[in-house]
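Residues per chain, in single letters:
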Amino acid sequence: AQSVAQPEDQVNVAEGNPLTVKCTYSVSGNPYLFWYVQYPNRGLQFLLKYITGDNLVKGSYGFEAEFNKSQTSFHLKKPSALVSDSALYFCAVKTSYDKVIFGPGTSLSVIP
Amino acid sequence: DVKVTQSSRYLVKRTGEKVFLECVQDMDHENMFWYRQDPGLGLRLIYFSYDVKMKEKGDIPEGYSVSREKKERFSLILESASTNQTSMYLCASNRPLGGDSYEQFFGPGTRLTVL
Numbered sequence: 003a004q005s006v007a008q009p010e011d012q013v014n015v016a017e018g019n020p021l022t023v024k025c026t027y028s029v030s031g032n033p034y035l036f037w038y039v040q041y042p043n044r045g046l047q048f049l050l051k052y053i054t055g056d057n058l059v060k061g062s063y064g065f066e067a068e069f070n071k072s073q074t075s076f077h078l079k080k081p082s083a084l085v086s087d088s089a090l091y092f093c094a095v096k097t098s099y100d101k102v103i104f105g106p107g108t109s110l111s112v113i114p
Numbered sequence: 077d078v079k080v081t082q083s084s085r086y087l088v089k090r091t092g093e094k095v096f097l098e099c100v101q102d103m104d105h106e107n108m109f110w111y112r113q114d115p116g117l118g119l120r121l122i123y124f125s126y127d128v129k130m131k132e133k134g135d136i137p138e139g140y141s142v143s144r145e146k147k148e149r150f151s152l153i154l155e156s157a158s159t160n161q162t163s164m165y166l167c168a169s170n171r172p173l174g175g176d177s178y179e180q181f182f183g184p185g186t187r188l189t190v191l
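As you go down the protein sequences, you meet chains A and B in turn. When we follow the numbering used here, the leftmost residue of the first sequence carries the number 3, and every step to the right adds one. When we follow the numbering used here, the leftmost residue of the second sequence carries the number 77, and every step to the right adds one.
Keep in mind the hints are simulated off the structure, nothing from the lab. Just so you know, even glycine gets a beta-carbon here, dropped at the ideal spot from N, CA and C. There's no promise every hint is true.
Cut-off 35 Å, straight-line C-alpha distance, at most; resulting in silico cross-link-like pairs (DSBU-like, lysine-lysine) [stated by the list, open to error]:
hint : chain 1 : residue 1 : chain 2 : residue 2
1    : A       : K79       : B       : K94
2    : A       : K101      : A       : K24
3    : B       : K79       : A       : K24
4    : B       : K147      : A       : K101
5    : B       : K147      : A       : K60
6    : B       : K147      : A       : K51
7    : B       : K133      : A       : K60
To list a few chain B residues with every Cβ distance to chain A over 12 Å, as calculated [claimed, not checked]:
hint : residue
8    : G92
9    : V100
10   : R144
11   : K146
12   : T162
13   : N170
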């Protein structure tokens, strides 16, 4: 079955420290991978995607993600966290027929 | 900019009522989706549509139906609302595989409460 896992419900990090939000996936064929962010009381916003090419992809707000095929992972990273990065983060994978499966989400709290 | 709009931000309905949630996108996207978002469960796909008058069941279609009479509009219908359908409903659209953009664009969401 095709699925997306985010093993951490909650990630806490101090402002200025690097952050990582983890994602692993299970999908047949080549994966198309995405990260979305949801700020409080707002809709989901696209952050970045991996379709093909370099394993390290850069996205909005200074975020980047590393695609690791052997570990079937697509972890979201940022070198220096900001308080304004506090939000809910969703990893997603696009399957055949354009269906997109989302992970359960990880709540990121950046502590001043 | 892509814009996906949803007819209501907040709705309160009673058990047994018929509920219509409307979604409109202005980027001529072929694909449209309805999700519900619940804490700890992420986004679960209810229905999606890849063309006018076409629809496909998602992971949790029970208790819902959809309508796509025009390319820009995708409606979610709760035939007889129940309390377990209290949730945040998100509409999204994107271009099909093979296009130049795969990411989904989301509306602001409709928070539905069924009493």
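A quick look at each hint next to the structure:
Of the supplied pair hints, the one linking K79(A) and K94(B) is violated, its CA atoms being roughly 44 Å apart against a limit of 35 Å. For the proposed pair K101(A) and K24(A), the alpha carbon gap of about 22 Å is at most 35 Å, so the pair holds. For a cut-off of 35 Å, the pair hint linking K79(B) to K24(A) stands: about 29 Å separates their Cα positions. Distance hint between K147(B) and K101(A) is fulfilled; the C-alpha atoms sit about 18 Å from each other, no more than 35 Å.
Distance hint between K147(B) and K60(A) is fulfilled; the C-alpha atoms sit about 32 Å from each other, no more than 35 Å. A distance of roughly 26 Å separates the Cα atoms of K147(B) and K51(A); the hinted pair therefore holds under the 35 Å criterion. Proximity of K133(B) to K60(A) is assessed by CA-CA distance (about 33 Å); at most 35 Å being required, the pair is judged to hold. At roughly 29 Å from the closest C-beta of chain A, the C-beta of G92(B) stays outside 12 Å, upholding its exclusion from the interface.
With a least beta-carbon separation of about 14 Å from chain A, V100(B) lies farther than 12 Å from that chain, consistent with its non-interface assignment. The Cβ of R144(B) lies farther than 12 Å from every Cβ of chain A, with a closest approach of about 14 Å, so its non-interface assignment holds. At roughly 19 Å, the least C-beta separation between K146(B) and chain A is larger than 12 Å, which holds for a residue marked as non-interface. Distance to chain A confirms T162(B) as a non-interface residue, since its nearest Cβ pair spans about 17 Å, more than 12 Å.
Distance check on N170(B): its Cβ comes as close as 7 Å (rounded) to a Cβ of chain A, failing to clear the 12 Å threshold; non-interface status is violated.
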